[in-house]
Amino acid sequence: MRIIIDEKPVEVEPGITILEAARQNGIDIPTLCYHEAFGGQGMCRMCMVEVKNGTSSRLVASCTYPISEEIEVRTSTPAIARIRRNIIGLLYRRAPNSEFMRQWYEKYEQPQSRLSPDVEESCILCRLCVKACEEMGSSAIAAVFRGTEKRIGTPYDDAATACIGCGACAQICPTGAIAMTESEDRRTIWNREFALVRCQKCGRPVGTGEQLEYIASKGGSALESGLCQVCRKKQAAVRVSEFYR
Amino acid sequence: MQAANDLDSKLILVCCGTGCLANGSREVYQSLKKQLTDSEVTVSTFTKPTGCNGWCEKGPLVKIMPDDITYCQVKASDVPAIVEKTIQNGELLERLLYRDPQTKKRVKSHHQIDFYKKQHKLALRNIGEIDPASIDDYIARDGYKALAKALRKMTPSEVVEEVIASGLRGRGGGGFPTGIKWRAAAGQPAQPKYVICNGDEGDPGAFMDRSIMEGDPHTVIEGMIICAYAIGATRGFIYVRDEYSLAVTNLGIAIDSARRHGYLGNNILGSQLCFDIEIVRGGGAFVCGEETALMASIEGNVGEPRDKYVFPTEKGLWGQPTVINNVETWANIPVIIQDGAEQFAALGTAGSKGTKVFSLVGKVVNTGLVEVPMGTTLRDIIFTIGGGIPGGRGFKAVQTGGPSGGCIPESKLDLQVDFDSLLEAGSMMGSGGIIVMDDRTCMVEIARYYVHFLAGESCGKCTPCREGIKALLDTLTAICHGQGREEDLLYLEEISHTMQDASLCALGRTAANPVLSTLRYFKDEYLAHIREHCCPAGICRELTEFEIDPATCTGCGLCTKNCPVDAISGEKKQAHIIDQNKCIRCGECIDHCRFNAVLVR
Numbered sequence: 092m093r094i095i096i097d098e099k100p101v102e103v104e105p106g107i108t109i110l111e112a113a114r115q116n117g118i119d120i121p122t123l124c125y126h127e128a129f130g131g132q133g134m135c136r137m138c139m140v141e142v143k144n145g146t147s148s149r150l151v152a153s154c155t156y157p158i159s160e161e162i163e164v165r166t167s168t169p170a171i172a173r174i175r176r177n178i179i180g181l182l183y184r185r186a187p188n189s190e191f192m193r194q195w196y197e198k199y200e201q202p203q204s205r206l207s208p209d210v211e212e213s214c215i216l217c218r219l220c221v222k223a224c225e226e227m228g229s230s231a232i233a234a235v236f237r238g239t240e241k242r243i244g245t246p247y248d249d250a251a252t253a254c255i256g257c258g259a260c261a262q263i264c265p266t267g268a269i270a271m272t273e274s275e276d277r278r279t280i281w282n283r284e285f286a287l288v289r290c291q292k293c294g295r296p297v298g299t300g301e302q303l304e305y306i307a308s309k310g311g312s313a314l315e316s317g318l319c320q321v322c323r324k325k326q327a328a329v330r331v332s333e334f335y336r
Numbered sequence: 014m015q016a017a018n019d020l021d022s023k024l025i026l027v028c029c030g031t032g033c034l035a036n037g038s039r040e041v042y043q044s045l046k047k048q049l050t051d052s053e054v055t056v057s058t059f060t061k062p063t064g065c066n067g068w069c070e071k072g073p074l075v076k077i078m079p080d081d082i083t084y085c086q087v088k089a090s091d092v093p094a095i096v097e098k099t100i101q102n103g104e105l106l107e108r109l110l111y112r113d114p115q116t117k118k119r120v121k122s123h124h125q126i127d128f129y130k131k132q133h134k135l136a137l138r139n140i141g142e143i144d145p146a147s148i149d150d151y152i153a154r155d156g157y158k159a160l161a162k163a164l165r166k167m168t169p170s171e172v173v174e175e176v177i178a179s180g181l182r183g184r185g186g187g188g189f190p191t192g193i194k195w196r197a198a199a200g201q202p203a204q205p206k207y208v209i210c211n212g213d214e215g216d217p218g219a220f221m222d223r224s225i226m227e228g229d230p231h232t233v234i235e236g237m238i239i240c241a242y243a244i245g246a247t248r249g250f251i252y253v254r255d256e257y258s259l260a261v262t263n264l265g266i267a268i269d270s271a272r273r274h275g276y277l278g279n280n281i282l283g284s285q286l287c288f289d290i291e292i293v294r295g296g297g298a299f300v301c302g303e304e305t306a307l308m309a310s311i312e313g314n315v316g317e318p319r320d321k322y323v324f325p326t327e328k329g330l331w332g333q334p335t336v337i338n339n340v341e342t343w344a345n346i347p348v349i350i351q352d353g354a355e356q357f358a359a360l361g362t363a364g365s366k367g368t369k370v371f372s373l374v375g376k377v378v379n380t381g382l383v384e385v386p387m388g389t390t391l392r393d394i395i396f397t398i399g400g401g402i403p404g405g406r407g408f409k410a411v412q413t414g415g416p417s418g419g420c421i422p423e424s425k426l427d428l429q430v431d432f433d434s435l436l437e438a439g440s441m442m443g444s445g446g447i448i449v450m451d452d453r454t455c456m457v458e459i460a461r462y463y464v465h466f467l468a469g470e471s472c473g474k475c476t477p478c479r480e481g482i483k484a485l486l487d488t489l490t491a492i493c494h495g496q497g498r499e500e501d502l503l504y505l506e507e508i509s510h511t512m513q514d515a516s517l518c519a520l521g522r523t524a525a526n527p528v529l530s531t532l533r534y535f536k537d538e539y540l541a542h543i544r545e546h547c548c549p550a551g552i553c554r555e556l557t558e559f560e561i562d563p564a565t566c567t568g569c570g571l572c573t574k575n576c577p578v579d580a581i582s583g584e585k586k587q588a589h590i591i592d593q594n595k596c597i598r599c600g601e602c603i604d605h606c607r608f609n610a611v612l613v614r
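Protein sequences appear in the order of chains P and D. Position 86 of the first sequence, counting from 1, maps to 177 under the working numbering, and the rest follow consecutively. Position 84 of the second sequence, counting from 1, maps to 97 under the working numbering, and the rest follow consecutively.
A portion of the hints provided could be inaccurate.
Straight-line alpha carbon distances no greater than 30 Å define the calculated DSS-like cross-link-like pairs of lysine-lysine that follow [claimed, not checked]:
#: 1; chain 1: D; residue 1: 321; chain 2: P; residue 2: 143
#: 2; chain 1: D; residue 1: 321; chain 2: P; residue 2: 99
#: 3; chain 1: D; residue 1: 98; chain 2: D; residue 2: 130
#: 4; chain 1: D; residue 1: 321; chain 2: P; residue 2: 222
#: 5; chain 1: D; residue 1: 88; chain 2: D; residue 2: 130
#: 6; chain 1: D; residue 1: 321; chain 2: P; residue 2: 241
#: 7; chain 1: P; residue 1: 222; chain 2: P; residue 2: 309
#: 8; chain 1: D; residue 1: 328; chain 2: P; residue 2: 143
#: 9; chain 1: D; residue 1: 425; chain 2: D; residue 2: 134
#: 10; chain 1: D; residue 1: 328; chain 2: P; residue 2: 222
#: 11; chain 1: D; residue 1: 130; chain 2: D; residue 2: 158
#: 12; chain 1: P; residue 1: 241; chain 2: D; residue 2: 328
No lab work stands behind these hints: they were computed from the structure.
Model the full assembly from the supplied sequences, consistent with the hints where possible.
Listed below in structure tokens is the structure:
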């Protein structure tokens, strides 16, 4: 199917989103809540674009808009620039503590609301952490409450029983808003402490006990070898070289 | 209904709508039943509890047929007199009749009152006339005839075309043409298909859907069955706001009796149609009135909306073709099928056909539920039907369309209300809430109030709505507290436009309406807060000082009596004085003064 993005005709697979089509063709649309592993969430609204279908045109979120017709897309217009500037302004207002948001903010040069709340927040509620946790199969965290009170949390803010301490949430978080601390043998995350298992060879942390158990239950062998990924590779290389010697 | 056929017996209808119940109509009904059984009344009587008559201001209402007598504000203690005098001897109880404020005369029947004269009841046609728990009452008033007509005399596509021809637009707020929606779902090959009734009414002050579900549940059910036939659906859901327990009860009774009568279940009325309905109780989230959030909630997920680039008619509930309509929309369907699209389309304006039910609340004499043809002016609704502003105060604004609606000023009172005219005026139809405000209303505070409501009721999923509302709320609060600056007004507008353009669902896209409409029509009030540090309505406490005009004050002492902090002093028949150090700016004095002697400084 042929559509037009920013005056450039491009060939796309019907059903993919405008964002996917644009990126496949080297056209950048800014996003904050998008990750190719999960698909579009339609939440940050940074990826708004203008879609023209015949004579009517409207603003849509490119990450959730599936292409089914021969549309004409514009990814940057003054109206879109204004939306993006204001979204960045609003999110920086929400999360002034985030270096990530400060960088976006400087890029968009939006004068800040003079009534910004005095908060030490860095979460921008992109929910990539929730998605990552869901994909891992744990669903230990979720977006809780409603409206302006919405935030990421565990059920009743208790130590998350479903959490395996894998840290995928902290890893994917763009703003470093999820507190994960590690000591010699403990990892603390979501109000819960986990015993860290270290590589038997190099001593590097391999993961938490719960995480390794979970991986093993899914058919992995992380627990058996007791080695980290790097050492496992090394060991395999040695075996192969011994075989051919 | 039986009584109507029997001239010797009397039918006594006791309004048991929400407002009347709260004022003790259940006791009135029970007392009537008991006394009519116990006493030696020789007249045969039927006593029925009905749904909401709409005239909530004067409830509990008791109507006596065929004499066509309407008694207002009836208490259980009035029952012996009603039984003895009116039922037994046919005498009128003058004191229970409505007293016309203009002519000062007592009026026998509600049919003679302005409140009802200008109304045209389609969706509310049965409410107040039937016992909602009785399917026989509904059938006696032509209930389920439209269904029989559709099944026996019309093809599914003829039903769809009839609804399209009627021009009916969704009454829940969006105003999307109902028939077009049905046609889209009918054209989908996927099975199963679903039909949903959106009964998650949540606008502050709105109770039209509640009254229909409580007072005439069968009309909703009949409308849904007709749609199921038209689009080929097999299952239906009625999503009811959890707080509406009477609606849940009455709908449950209605579904059971409809099943027993063969209107629901397999091979309905001997046709090929198999369709059943279940009730889903909402979890108390305002945002679940948004259709995609509602469907997420039925599926057992968190009630958050999704982008609707693929319509629910193609991928709705559980990814299947779904028609979702509002309660009032459903209530109109049997009328359209039974009487024909032409008759329905004869009412209303070019773009909005039929009638609309409004809940008329706020500073208006006759609060209640009214149904008028589309195109009726706001002035007629508020002043002729509503009876104007109580307490001799001036009209200031009317807010339509719920929390995301806009405030319309006096200069627009002759606006003919329909979907398009309200949008043009910067407000919207919404589900039909009309909140009247008098001159003791601060428009900045009103905007802040609605934004505050939405701050708690937005789902919080997308940035423009969640963070935009927060930014608006902080800014409006600052203005109300006297910390506003002129540049804040530009910021309010800027953020509002981004919310309109970029929010995920209609809640976010309309959330800035209260702000934008008050900025459009009442900007001088914002400027008074900012430039002069004054709240002209005397509501924002930080910006208000009350003083008594010595020239107008008669020294009646009513303000002194009502002041909760004893801040007012003065001799009888002498001008009074407010001690500003004691005054807490509550406004009791200005609200009670009969001579407009209390001024806002």
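Consistency of the hints with the structure:
{"no.": "1", "hint": "D:321 / P:143", "in the structure": "holds (16 Å)"}
{"no.": "2", "hint": "D:321 / P:99", "in the structure": "holds (26 Å)"}
{"no.": "3", "hint": "D:98 / D:130", "in the structure": "holds (28 Å)"}
{"no.": "4", "hint": "D:321 / P:222", "in the structure": "holds (21 Å)"}
{"no.": "5", "hint": "D:88 / D:130", "in the structure": "holds (26 Å)"}
{"no.": "6", "hint": "D:321 / P:241", "in the structure": "holds (22 Å)"}
{"no.": "7", "hint": "P:222 / P:309", "in the structure": "holds (19 Å)"}
{"no.": "8", "hint": "D:328 / P:143", "in the structure": "holds (23 Å)"}
{"no.": "9", "hint": "D:425 / D:134", "in the structure": "holds (25 Å)"}
{"no.": "10", "hint": "D:328 / P:222", "in the structure": "holds (23 Å)"}
{"no.": "11", "hint": "D:130 / D:158", "in the structure": "holds (28 Å)"}
{"no.": "12", "hint": "P:241 / D:328", "in the structure": "holds (28 Å)"}
Checked against the numbered hints above, the structure breaks none of them.
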